[in-house]
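Trainee: Protein chains in written order, with the working numbering: chain A, 1 to 91; chain E, 1 to 118.
Certain hints may be false.
[As the list claims (entries may be wrong)] In silico DSSO-like cross-links for lysine-lysine, where the CA-CA straight-line distance does not exceed 27 angstroms:
hint : chain 1 : residue 1 : chain 2 : residue 2
1    : A       : K28       : E       : K39
2    : A       : K15       : A       : K28
3    : A       : K22       : A       : K70
4    : A       : K23       : A       : K70
5    : A       : K70       : A       : K28
6    : A       : K23       : A       : K35
7    : E       : K39       : A       : K35
8    : E       : K35       : A       : K35
9    : E       : K88       : E       : K35
Source of the hints: derived by calculation from the structure; they are not laboratory data.
Spelled out from the first residue to the last, the chains are:
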Amino acid sequence: MILARVVGTVVATRKDPRLEGKKLLVLKPVSPEGKDESGYVVAVDTVSAGYRETVLAVSGSSARMAEGCKDRPVDTSIVGIVDNVSLDEKK
Amino acid sequence: MYLGRVVGRVWSTVKNECLEGHRLLIVQPVTPELKDTGKRIVCTDWTGAGAGELIYWVRAREASFAFSPAEVVTDATIVAIVDELHIKRPPLADARGSEPTSEPRPSGSGRARSGSGA
Chain A
1 MILARVVGTV
11 VATRKDPRLE
21 GKKLLVLKPV
31 SPEGKDESGY
41 VVAVDTVSAG
51 YRETVLAVSG
61 SSARMAEGCK
71 DRPVDTSIVG
81 IVDNVSLDEK
91 K
Chain E
1 MYLGRVVGRV
11 WSTVKNECLE
21 GHRLLIVQPV
31 TPELKDTGKR
41 IVCTDWTGAG
51 AGELIYWVRA
61 REASFAFSPA
71 EVVTDATIVA
81 IVDELHIKRP
91 PLADARGSEP
101 TSEPRPSGSG
111 RARSGSGA
């Protein structure tokens, strides 16, 4: 799972019928410190995440196991809204 | 399966019901020499690993098999805590490592990239 921030939404009219009613969000992966990492990813939202929220995203075939994504053509889904990240201060 | 070290944790209240009750830890992948390598990722925990512990973790769909028959939506799971690690290095490892540095010197023209870079 990766940490990511919601940076936008995707609107698609013509799509696979199994994706109808699913919210699609654009995610920017972030480090545990909250810094942006490279790339963007479009994910199906299962937890009603909002703009700028830090979320947990599952990718690959595991994404289809999320409640609400079963048997749908999904390879990244948002499965949690992050409240807090704590890192062990070591370095 | 990959080696890693637990470096932190994630709190999440609102989450997919398939993830309810599972600990989420931040794992730094490490090499067998225990040096950090690659990006830190969030893993579900099957073992009860604690902060700073050396663990190994599973990626992709197989990560959810650890919780079978429950269907946990995860693509990375800590499946074991490492007690000991034994690595036997091949005797030629040092010799191979010195080859690339000694090679470009005699054939400088053939290695235009390294030549122009310097």
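Trainee: Hints first: check each against the structure and report whether it holds.
Mentor: A quick look at each hint next to the structure:
1. Restraint check for K28 of chain A and K39 of chain E: the C-alpha separation of about 15 angstroms stays at or below 27 angstroms, so the hint holds.
2. Among the hinted pairs, K15 of chain A with K28 of chain A is consistent with the structure: their alpha-carbon atoms are about 23 angstroms apart, no more than 27 angstroms.
3. At roughly 12 angstroms between alpha-carbon atoms, K22 of chain A and K70 of chain A fall within 27 angstroms of each other, so this suggested pair holds.
4. For the hint linking K23 of chain A to K70 of chain A, the alpha-carbon distance of about 15 angstroms falls within 27 angstroms, and the restraint holds.
5. The hinted pair formed by K70 of chain A and K28 of chain A meets the criterion: a straight-line CA distance of about 24 angstroms does not exceed 27 angstroms.
6. Of the pairs offered as hints, the one joining K23 of chain A and K35 of chain A holds, with about 25 angstroms between alpha carbons and a cut-off of 27 angstroms not exceeded.
7. Of the supplied pair hints, the one linking K39 of chain E and K35 of chain A holds, its CA atoms being roughly 12 angstroms apart against a limit of 27 angstroms.
8. With a CA separation close to 22 angstroms, the supplied pair K35 of chain E and K35 of chain A stays within the 27 angstroms bound.
9. For the hint pairing K88 of chain E with K35 of chain E, the CA-to-CA distance comes to about 17 angstroms; that is within 27 angstroms, so the pair holds.
Going through the hint list in order, the structure satisfies each hint without exception.
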